[in-house]
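**Q** Full structure from sequences and hints, please.
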Amino acid sequence: MVEAPDEGSTEHWLSRAHLILPVAREKVQFSASGGGGAARGFAGRWKSVSSKLERMPQCLSDLSCHPFFSKNALCREQLQSMAATLSEVIELADRAAAGDHSIGKLQMQSDLDALAGKLDLNLRDCGLLIKTGVLGEVSMQSLPSEGGDSAFGEPKIRELLARLQIGHAEAKHRAIDGLLEAMREDEKAVVAALGRSSISAIVQLLTSTAPKIREKAAMAVCLLAESGNCEAFLVSEGALPPLIKLVESGTLVGREKALISLQRLSMSADTARTIAAHGGIHPLIEACWTGDSIAQLAAAGSLKNLSAAAELTQSLADEGAIRIMIHLLDCGSVLGAKEYAAECLQNLSSFSESARKAIVSEGGIRSLLAYIDGPLPQESAVAALRNLVASISIDSLISLGVLHTLFHVLKEGSLGAKHAAASAICRISSSPEVKRLIEEIGCVGLLIKMLDSKSNMAREVAAQAIAGLMSYRPVSRHVKKDEMSVPSLVQLLDPNPVNTAKKYAVSCLLSLSSSKKCRRMMISHGAIGYLKKLSEMEVPDGKKLLYRLDRGTLKKLFSNK
Numbered sequence: 001m002v003e004a005p006d007e008g009s010t011e012h013w014l015s016r017a018h019l020i021l022p023v024a025r026e027k028v029q030f031s032a033s034g035g036g037g038a039a040r041g042f043a044g045r046w047k048s049v050s051s052k053l054e055r056m057p058q059c060l061s062d063l064s065c066h067p068f069f070s071k072n073a074l075c076r077e078q079l080q081s082m083a084a085t086l087s088e089v090i091e092l093a094d095r096a097a098a099g100d101h102s103i104g105k106l107q108m109q110s111d112l113d114a115l116a117g118k119l120d121l122n123l124r125d126c127g128l129l130i131k132t133g134v135l136g137e138v139s140m141q142s143l144p145s146e147g148g149d150s151a152f153g154e155p156k157i158r159e160l161l162a163r164l165q166i167g168h169a170e171a172k173h174r175a176i177d178g179l180l181e182a183m184r185e186d187e188k189a190v191v192a193a194l195g196r197s198s199i200s201a202i203v204q205l206l207t208s209t210a211p212k213i214r215e216k217a218a219m220a221v222c223l224l225a226e227s228g229n230c231e232a233f234l235v236s237e238g239a240l241p242p243l244i245k246l247v248e249s250g251t252l253v254g255r256e257k258a259l260i261s262l263q264r265l266s267m268s269a270d271t272a273r274t275i276a277a278h279g280g281i282h283p284l285i286e287a288c289w290t291g292d293s294i295a296q297l298a299a300a301g302s303l304k305n306l307s308a309a310a311e312l313t314q315s316l317a318d319e320g321a322i323r324i325m326i327h328l329l330d331c332g333s334v335l336g337a338k339e340y341a342a343e344c345l346q347n348l349s350s351f352s353e354s355a356r357k358a359i360v361s362e363g364g365i366r367s368l369l370a371y372i373d374g375p376l377p378q379e380s381a382v383a384a385l386r387n388l389v390a391s392i393s394i395d396s397l398i399s400l401g402v403l404h405t406l407f408h409v410l411k412e413g414s415l416g417a418k419h420a421a422a423s424a425i426c427r428i429s430s431s432p433e434v435k436r437l438i439e440e441i442g443c444v445g446l447l448i449k450m451l452d453s454k455s456n457m458a459r460e461v462a463a464q465a466i467a468g469l470m471s472y473r474p475v476s477r478h479v480k481k482d483e484m485s486v487p488s489l490v491q492l493l494d495p496n497p498v499n500t501a502k503k504y505a506v507s508c509l510l511s512l513s514s515s516k517k518c519r520r521m522m523i524s525h526g527a528i529g530y531l532k533k534l535s536e537m538e539v540p541d542g543k544k545l546l547y548r549l550d551r552g553t554l555k556k557l558f559s560n561k
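Be aware that the sequence shown starts at 1, since it is given in UniProt numbering, and climbs by one per residue.
Keep in mind that the hints were calculated from the coordinates and are not lab data.
Be aware that one or more of the hints could be misleading.
Said to hold, decoys possible - Calculated pairs, DSBU-like style, for lysine-lysine (alpha carbon to alpha carbon, straight line, at most 35 Å):
1) Lys480 with Lys454
2) Lys533 with Lys454
3) Lys131 with Lys52
4) Lys52 with Lys118
5) Lys118 with Lys131
6) Lys533 with Lys517
7) Lys533 with Lys516
8) Lys480 with Lys544
**A** Shown next, in the form of structure tokens:
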């Protein structure tokens, strides 16, 4: 005598499905042939249901043949769902065959469509169970956790990931709850177990009709984006459009998580362009205006990332990015948002003359100066100022105090900020009036100090700035009197290809060579040896300077005789 399987076991539900499947198929075939009053007129829909039932035996066989068939909770739940659907099929077919007048045509049509949808879901979920390989994992009840006290070993994580892809909305809701808990406990283990299908399932939950599920999916996507290992999959599986939609109309938490995800994903230039192509610029700008500090920070960071793509400059400007960035500089609730705003303005002002004019007309110069004069200014703000100084008049340079700000940056700023300030001086030093003010404020001495910087770029821009100022006599006198200027400039004659300041050093030394004292210092510090190694192509005025110095040594030689 064969012992009946325990009620509630996996074997019980397999037996139950095998028992009722032939009944369901027979009744549906009868209805598909036009039998029964309420079934008439829906032969096509009944045939569709019948064709789905024809695929059920193979599904049941695939599940029951698996080595761990009886040990995995997912398999039991899947069989329960299939048995329940088959029972619904029998019930509806019986009612249709009996000519149940309580079922109107519209109701019958709706019930048949719903039933077909459930069968599709059962068939799809059955296939996914086999495809994901989750049935190869023994349930956590029969295996010790590799992580000690952790409730989330690899089998449990794989089960959670499978649950995201199968079942109805409520089941997926429970699965995303479990996944978030697992990620909080051991994010690395979850990320290691993820595949494209799992990420696709999470992304699909971003479009759920239930706001809570969308919110929790956004939380999971945010964690994945921040992990640094899933960006490509998230983008390729279509996460960007629903994330943008969440920024527009999600819950407070969902909106924040979506913004943080977009900030992280937009660090890739290609993804930044895709965000813009999907209409993401406007929602990001709106989030800067209306969001709390977290949302504002993430939105500003995303816009900064987008601004690094030159082709997006006009779109950003048209949508109002310049105005909101200036507003953030003035009124940003967190310092980080101000930093992102400065970086965004730096990028925008690097690519477009129209953007530079717009920044100036919107009062951006004043806002940048206030930020630079504040606590912990970033070099990006000085770089933005450098991009803009050539777009304003000399009167504005003076009245706004731009030159005084550049002096303070040269004196106390970081190396990068000093570099940007010196570069700004290069761009505005064509006017005698500006040269006079630069010298009077005290910038020249600070530029001379920069000639000894450890950074080659800083040395180059300092030499360039000094070369541009040398035509103003008080500057030339200042450089002559400074004991460090000539030795520092001679060192910049080094023919090493890494040294890019050679031509500016030659220009400065040529201006100083009219002074006998300066010529002697140049010679004593080895200028002649350096100049002989420089080619005419590298430094056009090198031969001219060499001639002046060589002539001086010859005169000295003959006078000694």
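**Q** Please go over all the hints and tell whether each is borne out by the structure.
**A** Structure-based check of all given hints:
1. Lys480 with Lys454: holds (23 Å)
2. Lys533 with Lys454: At roughly 23 Å apart (the allowed maximum being 35 Å), Lys454 and Lys533 satisfy the hint.
3. Lys131 with Lys52: holds (19 Å)
4. Lys52 with Lys118: holds (10 Å)
5. Lys118 with Lys131: holds (20 Å)
6. Lys533 with Lys517: Holds: Lys533 and Lys517 sit about 24 Å apart, inside 35 Å.
7. Lys533 with Lys516: holds (23 Å)
8. Lys480 with Lys544: It holds: about 19 Å lies between the C-alpha atoms, which stays within 35 Å.
The structure is consistent with each of the numbered hints, conforming to all of them.
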